Amino acid sequence: MKKQSVLSSKNKLMTFAVYLLFLIFSFGILYICTASSPRYATNPWNDANAFLTMGRAMSSGLTIYKDIFEQKGPLLYLLHAVASLISDSSFLGVYIIQSLFLSATAFAAYKIASLYVGTAWSVISAVLTCFFTVNSGCYYYGDSAEEFCLPFLMSSIYFFCRYFRNTEQNELGKSVFLLVGFFAGCVAMIKFTVIGFWFAWAAYILLYIWIAKKNFKKSFVNAMIFLCGMALAVAPWIVYFAAKGALYDFINTYFVLNATAYPKAEGFGIISRIFEPLHSLGENLVISPALLILGFLGIIIFAATKIFTEKKLFSRLSVPFVCCIGLYIIYFGIRYYNYYFIPMSVFTVFTFIALTYSLNNITKYKSGTIATILCIAIIPTAIVASNYLNLSSRFTPREGEETVQSKAAEYIVSHNPNGRILNYGSLDSGIYLAVKQVPQFKHFEQQNLLYDKYPENIDEQNRYISDGLADYVAIAAKSGMELSDIYNKNTALKTDYTLVFSQEYIIAESVFKNKKTTQTYYLFELKED
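Taking the working numbering, the leading residue of the sequence shown gets 11, the next gets one more, and so forth.
Treat each hint with caution, since some may be false.
Listed next, with one range per pair, are the computed distances between beta-carbon atoms [to be verified]:
#1 528 / 334: 35 to 43 Å
#2 498 / 417: 34 to 42 Å
#3 34 / 226: 43 to 51 Å
#4 238 / 25: 25 to 33 Å
#5 202 / 404: 44 to 52 Å
#6 34 / 299: 27 to 35 Å
Source of the hints: derived by calculation from the structure; they are not laboratory data. Since this is a predicted model, take the numbers as computed values, not measurements. Just so you know, even glycine gets a beta-carbon here, dropped at the ideal spot from N, CA and C.
Turn these sequences into a full structure, and let the hints steer you where they fit.
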């Protein structure tokens, strides 16, 4: 009994030490790889700025969707609200939360690897998984919604692997279905299109219990528990928005508009509609080639070898099924962006487990020593290598350097620090953060929505200018957009406003391809009567 107690204490100490190692690694590698890090002047990505603006508004007492308009999930904004409490004038809080989430992802990857290889080899597998994740083309400048879904997905896959390793001996208790259902609910409140992985997870394992184990009752009960877990994550938001008188705004904005108001590809027949997501998915061979190859190689190895599961075909196809269905649902909307592919990074862990499993067998008696040496070397190597491979490191202005946003903000603060600002014609360009102002307009940015489905966004932006409600109008004009084009969009900018600042700047979109966009930043000031 005493021996067991000592062994348990050692295991807990080892677990704590491993997580602490991942925590240090996560803060280190994201210091290089996310533009949210204090190494950089700011995160230049529109989405990241929009999320933080929503978080700052939320922490200032505004009700999201009702008082301020954006379309991602409320949990994503809550995370950024917490980040804004750490720092309301920079991305420091976002960097800290990103690092915590990456450490959780790494630890879950380590737990998966621990099912098949020793501690040091498991650490190596987890570190390599995270290294390729944050240095992939789809990671972009960091702080995507998909990034915050990774620890939930990796943890859910851990339970999947643990069960299908030996379905005769292993069981998934009700608490696991409740927990994974809760994870699914959390992801639904971050970005609901990613939830396909969990529906595939639940459908596969519940069908197995029902058909292979001939236990419909158990399958049904577990399905209900899974849904209860989801409800535990979603219900607090229903209560919150109902209490705020914003339940309609929440449902209409997050679910209805996301499903109906985004531009969609036209002219596809039924067959083309079915296969087009595969074409969209294949685009990642150019965008994130390493992630695509390592991810699909991982699920192929999972299905084709005896490393991961028992011999049953159903068990061998478990993880590949979840991966393929989850990705297909994400890309089913036809329209896609680079960061949609980030969840694929979870499945690269199986490639690295197979690699370390093979190295363990090859090195045999010296395996422990070799694994320890590699484990010690791989973390600093991964961090240093990221400096040469990462988009943020290569192209983002460093802390202390001037940006177009900081120059525009300097003008506003020196002339009218309380002036009302409008980011016009595009997603959030970062002007609100630079001025340290919470938006005073509901439609603080222009969304990528079909005008005929939701005209309010563009109409309200134009009204703020035409009625002279905005003291300053900031415009991040895309390449090819001339000043005359801007005046044509809203003539009040020419008649009622003065152009006080303009400067070209470059946004890089790829490390290895020479893909850069030259934009022009304009700042207009309302003329005095």
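A quick look at each hint next to the structure:
1. Judged by the Cβ atoms, the range 35 to 43 Å given for residue 528 and residue 334 holds: they are separated by roughly 39 Å.
2. For the hinted restraint 34 to 42 Å between residue 498 and residue 417, the CB-CB distance of approximately 26 Å leaves it violated.
3. One distance hint, 43 to 51 Å for the beta-carbon pair residue 34 and residue 226, holds here, with the actual separation near 48 Å.
4. For residue 238 paired with residue 25, a C-beta distance near 29 Å keeps the hint of 25 to 33 Å intact.
5. For the pair residue 202 and residue 404, the supplied restraint of 44 to 52 Å is violated, since their beta-carbon distance comes to about 33 Å.
6. Between residue 34 and residue 299 the CB atoms are about 29 Å apart, so this pair conforms to the stated range of 27 to 35 Å.
The structure shown violates the earlier hints numbered 2, 5.
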